[in-house]
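Colleague: On the provided structure of chain A, position chain B as indicated by the hints.
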Amino acid sequence: MSRVHDMGGRFGDGPIVPESEDVIFHADWHPRALALTLAAGSLGQWNIDVSRHARECLAPKDYAAFSYYEKWIAGVADMLVERGVVTPAELSGACDAQISDLATKKLTADQVAGVLARGGPADRDSAVAQAFQIGDAVMTRRIAQNVLVAGGHTRLPMYAAGAKGKILRYHGTHVLPDSNAHRLGEAPEPLYAVVFPASELWQHPEHPRDEVVLDLWQSYLEAV
Amino acid sequence: MQGNLWFMPHDTHDHDHPHALLPPQPALRVKALETILTQKGLVDPAALDVIIDTYENKIGPRNGAHVVAKAWREPEFLDALRTDADAALLELGYYGRQGEHMVVVENTPQMHNLVVCTLCSCYPWPLLGIPPGWYKSDAYRARVVREPRAVLADFDVRLPDETAVRVWDSTAEVRYLVLPMRPAGTEGWSEQALMDLVSRDSMIGTGVVQVPV
Numbered sequence: 001m002s003r004v005h006d007m008g009g010r011f012g013d014g015p016i017v018p019e020s021e022d023v024i025f026h027a028d029w030h031p032r033a034l035a036l037t038l039a040a041g042s043l044g045q046w047n048i049d050v051s052r053h054a055r056e057c058l059a060p061k062d063y064a065a066f067s068y069y070e071k072w073i074a075g076v077a078d079m080l081v082e083r084g085v086v087t088p089a090e091l092s093g094a095c096d097a098q099i100s101d102l103a104t105k106k107l108t109a110d111q112v113a114g115v116l117a118r119g120g121p122a123d124r125d126s127a128v129a130q131a132f133q134i135g136d137a138v139m140t141r142r143i144a145q146n147v148l149v150a151g152g153h154t155r156l157p158m159y160a161a162g163a164k165g166k167i168l169r170y171h172g173t174h175v176l177p178d179s180n181a182h183r184l185g186e187a188p189e190p191l192y193a194v195v196f197p198a199s200e201l202w203q204h205p206e207h208p209r210d211e212v213v214l215d216l217w218q219s220y221l222e223a224v
Numbered sequence: 001m002q003g004n005l006w007f008m009p010h011d012t013h014d015h016d017h018p019h020a021l022l023p024p025q026p027a028l029r030v031k032a033l034e035t036i037l038t039q040k041g042l043v044d045p046a047a048l049d050v051i052i053d054t055y056e057n058k059i060g061p062r063n064g065a066h067v068v069a070k071a072w073r074e075p076e077f078l079d080a081l082r083t084d085a086d087a088a089l090l091e092l093g094y095y096g097r098q099g100e101h102m103v104v105v106e107n108t109p110q111m112h113n114l115v116v117c118t119l120c121s122c123y124p125w126p127l128l129g130i131p132p133g134w135y136k137s138d139a140y141r142a143r144v145v146r147e148p149r150a151v152l153a154d155f156d157v158r159l160p161d162e163t164a165v166r167v168w169d170s171t172a173e174v175r176y177l178v179l180p181m182r183p184a185g186t187e188g189w190s191e192q193a194l195m196d197l198v199s200r201d202s203m204i205g206t207g208v209v210q211v212p213v
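Here the protein sequences come in this chain order: A and B.
Just so you know, we're using our numbering here: the first sequence kicks off at 1 and counts up by one.
Just so you know, we're using our numbering here: the second sequence kicks off at 1 and counts up by one.
Chain A with its partners taken away, still in its complex shape (with noise of 0.2 Å):
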């Protein structure tokens, strides 16, 4: 089965609610998790697809208890102590926090505006030959799983899987989260916006012209 995070075209989530674009914040706390949750991850200990990662691993009731900047920062903790940086003891207050040999890399205020403007570019040069042209009929994988690891991450999502659309676009090459979520190597490999029929995907969609695009690595397709 997939984990908790995968939730598009689930039923049952009720009406959505409009807000102003004047409110960023919804609570004193959530800039600052923001903030530090990026802080944290420019001490270059983990990338964006262990992150991801990291939060779709929370328990599934607290997934869905927990609001947007409390699941960063439980991924946050998380991380930090998997890779050793804080100790458990640290957390939970028993001890004193001790000065990190990771000090050297905290980010400062000076280089705040130069790591948010360089980001964090996704595409790679690749072996990989792109398979797929534009309008190509392809399929993607019948399950919604990692291939290389049990129960590890992946972006192609349960609803899309198993269903046939055609390449809209071609992306280039980029890294694979598949492989680099669970730190076995960038492994880029083409990527494509794919178009699917909402009649592939849903049972009762809406409008015979509807349609959904994912992006999704050449390896979660295959030709038809």
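Keep in mind that the hints are not guaranteed to be accurate.
A few chain A positions that, by computed beta-carbon distances, are all more than 12 Å from chain B [stated by the list, open to error]:
(1) Ala54
(2) Ala89
(3) Ala109
(4) Ser126
(5) Val128
(6) Ala129
(7) Phe132
(8) Gln133
(9) Gly135
(10) Asp136
(11) Met139
(12) Lys164
(13) Val224
Restricting the straight-line Cα-Cα distance to at most 27 Å, the calculated cross-link-like pairs of lysine-lysine (BS3-like) are [what the hints assert, rightly or not]:
(14) Lys58(B) <-> Lys136(B)
(15) Lys106(A) <-> Lys31(B)
(16) Lys105(A) <-> Lys136(B)
(17) Lys58(B) <-> Lys105(A)
(18) Lys70(B) <-> Lys31(B)
(19) Lys31(B) <-> Lys61(A)
(20) Lys58(B) <-> Lys70(B)
(21) Lys58(B) <-> Lys106(A)
No lab work stands behind these hints: they were computed from the structure.
Glycine residues also receive a C-beta, built at the ideal position from the N, C-alpha and C atoms.
Modeller: Relative to chain A, chain B alone:
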């Protein structure tokens, strides 16, 4: 291809969740983690202040509105966006974290575009800032791929039958900005006047741009 479970690397995350060692109340949890990381020399609170100031005051949906208004007024800029959005946006100074690979999708009378990230909450930060609460909600992530028109109704948007909906589920590091349709009666308007019409929601696809009556 099915791996043999006995020989596969296994995910260890499920067994151990150290975050439970922190105080349960979220505000206290964040404060505790910041204090620990500051004591360890890993976090500079002044850097956190700069990050917060950036997303509270410098980066937000007015960036995206600028792009939309410029694309409406300048055909050569629209062409540049279609050809290589990253290059066109770089010239305007809109680039960086969570906007490294941009694609602009254009609404037409035949096609309305909507953006979501069902697996997390990917969003074009350099152009729209921090995503709104509803964009990150379970309800939006779960519903919009399956029933986009019902979701649009929650935003008081109703599309004509001749308009198909295309929902973009941002599953990779590519970020999407919707270019809404320019409303009739705005010919000759200044860039600023057009920008003022463009809502954040219209650039996600949960809104349309209208001239106030």
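Colleague: So, against the hints stated earlier in the document, which numbers end up violated here?
Modeller: 1, 2, 3, 16, 18
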